[in-house]
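Enquirer: Model the full assembly from the supplied sequences, consistent with the hints where possible.
Heads up: the sequence lines are chains H and L, in that order.
The numbering used here numbers the first residue of the first sequence as 1 and each following residue consecutively.
The numbering used here numbers the first residue of the second sequence as 1 and each following residue consecutively.
Just so you know, not all the hints are guaranteed correct.
Stated by the list, open to error - Listed next, the in silico DMTMM-like pairs over lysine to aspartate or glutamate satisfying Cα-Cα at most 20 Å (straight line): (1) L:Lys91 with H:Asp185; (2) L:Lys132 with H:Glu39; (3) L:Lys44 with L:Glu121; (4) L:Lys132 with H:Asp35; (5) L:Lys132 with H:Glu21; (6) L:Lys91 with H:Asp103; (7) L:Lys132 with H:Asp185; (8) L:Lys132 with L:Glu117; (9) L:Lys132 with H:Asp71; (10) L:Lys44 with L:Glu59; (11) L:Lys54 with L:Asp42; (12) L:Lys91 with L:Glu59; (13) L:Lys111 with L:Glu121; (14) L:Lys91 with H:Glu244; (15) L:Lys91 with H:Asp191; (16) H:Lys152 with H:Asp191; (17) H:Lys152 with H:Asp103; (18) L:Lys91 with H:Glu15; (19) L:Lys132 with H:Asp191.
No lab work stands behind these hints, which were simulated from the structure alone.
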Amino acid sequence: VSVNYLGVGLGYRRELQVALESHTGEVDFLEVIGDECFEDTACEALDLWATRMPIVCHFLGLSLGTAEAIDEAYLTRVRTVIARLRPVWISDHLAMTRVQGVDLGHLSPIAFSEESVALIARKAADVQARCGLPLLLENISYDFSLPGGSMKEVEALTRVVQASDCRILLDLTNLHVNSQNHGYDPYAYLDELPLERVSQIHIGGAVLRGSSWVDSHAHEVPMPVFDYLDYTCARSTVSSILLERDRAIPDFSELAAEMSRARDILRAYRNCPLAG
Amino acid sequence: MWGRGSAAAPLYCAASFDGEECEVESVSLLDWQSALARIYLDSKLRRDIRNGDKSIQNEFRLTDAELDKLIKFVTEQGEQLESFATSLRRKRRERLNCYFPLFARYVGEPKWRVVIEMFTEQVPIPQSSATKDGLAFGRFVQGTDPPQGLDPTVFKDLVTYELSKLEVLEASPVVVEQAENDIESTGQIWPYLVPPARIRCMHQSPTVLARLAQGEVPTHTFEPGRRGLDILFFRSPRNEVCVAELGGYLGTVLRYSDGTEALDDLVERCNVSSPHKVSINAVFEALRKLGESGIVVLLTKARR
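Expert: If you want it as C-alpha cells, here you go:
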C-alpha cells in the first residue's frame, strides 16, 4: 500500500464493531487507538480486521513533548502492537501526556520553542527508527499558548517533521478549532505547512461551547473542515482521510454520509480506487 | 516525584512569551513542564497563585523571572486553564468510572461527581498508572463518609468490593480457597457469585439470577474451544475475593498462586461429568450478563 494512498477510513471503536461488519465495503481503512491494543483481549477483535483492510495505529502516550527519554516500557508495547497488527504507519501527537511519572491522561500543549522542536525531533526520529514504520505527528487542539514559545505552531510542526524526517497527520478539525479560538487564518496555516509531508488527514466533530470551539469527537464535522479538506487535497498528494468519532456514536448512515463527502472531495483530485 | 531535579536536562529559556530576554539562570525544560503539569492538575495551587502565593517558586526553584511568567500565565489564561483542567478531570473521572462501575451506579451521577471532586481536590496528582490511581481513589473513598442519602454500609461495602477487584488486577492472581469442592457441586456455584447485598443493589432477585444460571440461555450458544481461558472475579461466601478460571469446555475454580496447577489436571482429578459441563455453560452465560452489569469482571485470556 502506498504511504499516501489509503482512501477514506474510520476510527475503530468497539461500539462500531457490528456496524462495520455490515458496512465493510464502505470503509477503505481503519485507524485503531494503539493504546487500547495493549491488552491482549482488546487486540483480538482487531486481528481479523487487520486481515481485511489496511490498519493504521494511532497512539496517545509517547509523550514526545516531554523533556524525558522515551518510556521504554511503553515503546515495547507499541512495538508489540505493530508486530501483531502490521499497521501501514503509526502516529502520535505533538504534545505532552506524561511528566515525571505522572500520567496527565490528556494531550497537553507544548511550548513552540527551539528547545521543544529539537527535543521532539530527536525523540520522534528515534521512535520511527526503532519501530521501522513511518511515524506521523498530529497537530493537537490547545486551549492556551504556553509561555516560552518563540514561533508559531505551524513552524514548530514543520521543523519537527523536517528534522526528524517524520510525516504529518494533519487534523483539520483541530486546525479549525485552533484557528477560531486563537484567531488565525487556517488557510495561511495550510499554505505554510509542507503539505508534501502530510500522509493522513483527520476530520472529526467539534462544537462551539460558549465562545470557544471544542474538538468533541462527538458531533458532526463542521462545514469549514470540508473546505479545508478540499483546499488541502487540491494542493497535495495526500489520499488518506480518516473520520474520528469517539462519543455519541450515531447510526452508521450518518458516519457514512460524512465519509462519502470526504470521498467526493478526494475523488475530485485523485484517480484512485475508493470504497463506497 | 515532583520538583526540580534532572541536572542533565537542557536549560530552558522562558523568553519571548512576552518578548523579554531570558534570565541567565533558568530552570530546565523538564522542571518547567513539571511545574506546568502541577498547575494543570491542582486547582488549589492555581487559586493560590492567583491570590499571590509564591510557594511554587521554591518547590521548583524558579527564578523570579520564571515565577513572574508563571503567575502571568495562570492569571491571564485563567479561563482557558480552567477549561483544560476540567478536561483533565473528566478524563480522570472516566477512567475511574471504568474501574468502579457498580459503585458509580449505586452512588448516582451527581454524587459520583462530588466524590470524584473531593478526591481530586485532596489527591490532585494522579498516580503513575490508571490502575494505581483507581486504587488510590478506592482507598480514599473507604475513609470517607458517604454523601447524604446513601447507606454507609452499602457505600463502604461496594467500594471495598470494587477495590478488591482492582487489587487483584494490579497484583498477581491470588489464592482462592474454594476449589475442588465447588466442582463437585457446580449447580450450587451461582449463589456464591454475588453476595445478597450486591444483588439487592442491582435490584436483581436471587430467583432472576437462578433463572439466568439454570438454562434460559441455550447452551448451544456456548462454543467449546472458542473462548480459551477466561478469568472472572467474584466474592466467596466468606466475602473473599475469588479468581476463577473458565476453560473452553469447562469452568472450574483454580488455585494458582504457585502457577503449578493446570486446568486439565484438575478436570481429570475431579472427573467432572457431562451434566456439570452443561451447568457450567449456563453459569458462564449468567456470568457474562452479570459482567455487563459490572457485578463481576470477566477478562478473556487474562495474563497469568
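Enquirer: Quick check: which numbered hints come out false for this structure?
Expert: Numbers 1, 5, 7, 12, 15, 17, 19 - these are the hints that the structure violates, sorted from lowest upward.
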